[in-house]
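Trainee: Since the structure of chain W is already known, use the hints to place chain S on it.
Taken in order, these protein sequences are the chains called W and S. Counting in my numbering, the first sequence runs from 241 upward without gaps. Counting in my numbering, the second sequence runs from 48 upward without gaps.
Since the hints were derived computationally from the structure, they do not count as laboratory data. Note that beta-carbon positions come from the ideal geometry of N, C-alpha and C, so glycine has one too. Be a bit skeptical, because a hint or two may be false.
[Claimed, not checked] Reference listing, derived: stretches of chain S covered by chain W, where coverage requires no fewer than 3 residues with Cβ under 8 Å from a Cβ of chain W: (1) 201 to 209; (2) 299 to 305; (3) 478 to 484.
[What the hints assert, rightly or not] If you want the ones that stay clear, here's a sample from chain S, every Cβ over 10 Å from chain W, calculated: (4) V138; (5) P151; (6) T159; (7) D182; (8) S295; (9) T326; (10) P338; (11) A340; (12) V355; (13) E465; (14) L472; (15) L487.
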Amino acid sequence: MDLISVAETALRSAFGPQAAFYALLAIGLNVHYGYTGLLNFGQVGFMLVGAYGVGISVATFGLSLWAGVGVAVILGIGLALLLGAPTLRLRSDYFAITTIAIAEVLRLLVRSSPATDLTGGPFGLQGVAVDFYAINPLSAGLSLGPLSYPVAVTWSLLVTWTLVVLTTVLVALLMRSPWGRVLRAIREDEDAARSLGKNVFSYKMQSLILGGVIGAFGGAMYAIAGSTVNADVFRPQVTFYAYAVLILGGAASRLGPIIGAVIFWFLFSFVQGFVRQAQSADLLPEFFSSGAIGGAALTLTGIGLMLLVVFRPQGIFGNKRELALDA
Amino acid sequence: MTRVDEPLDSRRTPPRSLALAVSVALLLGLALTLLPALSAQAATDDLVLAQSEDDEPSPTLLFGTFRNQEGPVEGIEASVSSEDGSLLEAVTTDENGQWEVEVPEGGTYLVTVESLPEGISLRDDEEPTTEASVDEGRRQAVIFRLGEANPTEGFSERAAQQLLSGVRFGLIIAMTAVGLSLVFGTTGLINFAHGEFVVFGAIITWFINVSAGVNLIIATALGVVASGVLGAAVDRALFRPLRRRGLSLFQLLVVTIGLSLTIRFTLLMFYGGSTRRYTDYVGQQQVTLGPLAATPRDLTIMALSIVVLVLVATMLRTSRLGKAMRAVADNRDLAESSGIDVERIIGIVWIVGAGLAGLGGIFYGTSLGVNYFSGFQLLLLMFAGVILGGLGTAYGAMFGSLVVGIITELSVLWFPDEIKFAWALGVLVIVLLFRPQGLLGRRERIG
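Bound-form chain W, shown alone (with noise of 0.2 Å):
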């Protein structure tokens, strides 16, 4: 058992792209759920609508990256609008139902084959981020300690980090405004707001367009890092994972998205390099012994889950009082 191997491996994929990326996801389900208490079980939706959008525009019309971008941004506040016109007035589980259908539904049509020609049907679409990789500025990889990654993982995570710290700060000073107070006043009592004379349906809105962006941003990275866009990947558990990564970190804080999907990828990857270690050194039962590992560790994300929002549902750093409301 290599402990110390198990643990740098671990830590490297806590800042690793998948970190990014759903801390990207997380920051946007925190505006809908943490401060405005909207049920968006469909954050998936706009993540795919953000790959396809830089996919689409890059490898099916051959545009540059930065009209890739603003595709998926469009498509993002278009997304919103589409999915909140209809859904925003229902009861918050109808809500919840919904949002994770219109999801569904858009993987199942970006996937299906007579969309080949413009989303790549089954097979994604490649070479997407050529670009990309062609303006990176960096020669070496980043090298500290175990951090270590390869110079093109380095200069996506570059990016992707930051724009994670900007969405962040974005995020924070917004909610520090009177347009963030409305939110928080609509998640406490939507009547009282309403009484108040806001007008709930526009602010709720506002508030799904902006945790959408910010999802179909974390979308935009994905496709770009990876230089491929593939449907599978957007599958409905993609948004309880990231559930998983606000909850840990704590909905409704301002650091909660990025705490959580650090602490959630170094626990996730140390469970599976654990087991993997366990498997190799044949300290399991023999009929363990083939395939891989990753169903313990979701089996456990599973449990994990159950155990944090029953224990502790304002995760790390929440504030029970501001996650005291029955959304």
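Mentor: Same frame as chain W, but now just chain S:
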């Protein structure tokens, strides 16, 4: 119903004899979850968004699954050649209809279907050769669609046949959805883990039937009991204490999501990622009734489903217990003050609901094969059915699910098979917009 050969993310693993171990482990707790996966490639792909920077370079693979409406097709010969036409490797699909070829490097390859077993054909518009591009170190699915068993029949015959498939599918969803609806009606909980109850029943039955070699009918009975026990355990150990704690709706939703992940991936660890079939009642000859053709197995499943649904409906309408369930669903406080033991009724609702879900899962597995991951897909269809019929009403759930099953299968007549579930989910959204109380529901404010 034409099943597209959906790429399975998972590698194949041989069956394991674990029947008893599984039921015991799952029911007694989750201590075993620290053990690693039998075949958890799928699970990893599930979460990891980008290519992970693993220590060892992963092989570059082309893979695929051949299925038709009867399930996976074994014995199809295919070949993979490089772009200039030189043959790299020839493969034959295994009993799961799957094949896999490791190619030397990323690039474009030609995949050709060389020969097909008797009675199997590619779909009319499908070319026998297709190009596939794969990046270095990645896995790329290559998809060929197989045709209907009898592609020459006219539209009305196909429509009748799809209607039959739709009724079969709808009856199965109906059976699974009753529990979802009853639990919501009595406790207000939307159970995201309900799809996992379905899969749990199917997989436990698989272990009893295939690993332990028990006849499927007896295995089904045991599987339904095991599902009911799981439902009872989940209510007793988890949701009853949580009801006392007074959790918020959001917390409860997240608990059911956590439960769903826990059950799903525990099942993956023991069962593996592939789609497998029961040993009994496979490979039956279809019997034809006028324009319709169905296997005796599927006809039996439909008949049994109808009997079970009628029994459940009668139980709800006439028996003391059924009346008590409806009373609790209607108004919990009033039911309690009139002397009904509400917690006991809720416990029974969980047992009945989970048992029905397990039975539905076994029927589903009997006609389409058993895997660990279809729970969530089914859950979304159950939501569609339950909301179409009216959330919280058991009859509504049955009726709505039947409609959803029929819509799903009839859509294949005009639209691609791959997006058939999208129509059902589209119906869900439209119903919520225009008649949110559902077709049979009582008008109340949900907006």
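Trainee: Does each hint fit the structure? Answer for all of them.
Mentor: For each hint, the structure was consulted:
1. Chain W is given as covering the region 201 to 209 of chain S, and this is violated because 0 residues of the stretch bring a CB closer than 8 Å to a CB of that chain, at least three being needed.
2. Residue count for the region 299 to 305 of chain S with a Cβ under 8 Å from a Cβ of chain W: 5. That meets the three needed, and the coverage hint holds.
3. Counting residues of the region 478 to 484 of chain S whose C-beta lies closer than 8 Å to any C-beta of chain W gives 3; at least three are required, and the coverage claim holds.
4. Distance to chain W confirms V138 of chain S as a non-interface residue, since its nearest Cβ pair spans about 19 Å, more than 10 Å.
5. The Cβ of P151 of chain S lies farther than 10 Å from every Cβ of chain W, with a closest approach of about 18 Å, so its non-interface assignment holds.
6. A cut-off of 10 Å between C-beta atoms confirms that T159 of chain S is not in contact with chain W; the least separation is 17 Å.
7. With a least CB separation of 6 Å from chain W, D182 of chain S falls inside the 10 Å interface cut-off, contrary to its annotation.
8. For S295 of chain S, the requirement that its beta carbon stay farther than 10 Å from each beta carbon of chain W is not met, with the minimum near 5 Å.
9. The Cβ of T326 of chain S lies farther than 10 Å from every Cβ of chain W, with a closest approach of about 20 Å, so its non-interface assignment holds.
10. Every Cβ of chain W is farther than 10 Å from the Cβ of P338 of chain S; the closest lies at roughly 28 Å, confirming the non-interface assignment.
11. With a minimum CB-CB distance of about 26 Å to chain W, A340 of chain S clears the 10 Å threshold, and the non-interface call stands.
12. With a least beta-carbon separation of about 26 Å from chain W, V355 of chain S lies farther than 10 Å from that chain, consistent with its non-interface assignment.
13. For E465 of chain S, the condition that its CB be more than 10 Å from all CB atoms of chain W is violated, with the nearest at approximately 4 Å.
14. L472 of chain S, annotated as away from the interface, has a beta carbon of chain W within 10 Å; the closest lies near 4 Å.
15. Against the 10 Å criterion, L487 of chain S stays outside the reach of chain W, whose nearest CB is about 17 Å from its own CB.
In the structure shown, a violation is registered for the earlier hints numbered 1, 7, 8, 13, 14, in ascending order.
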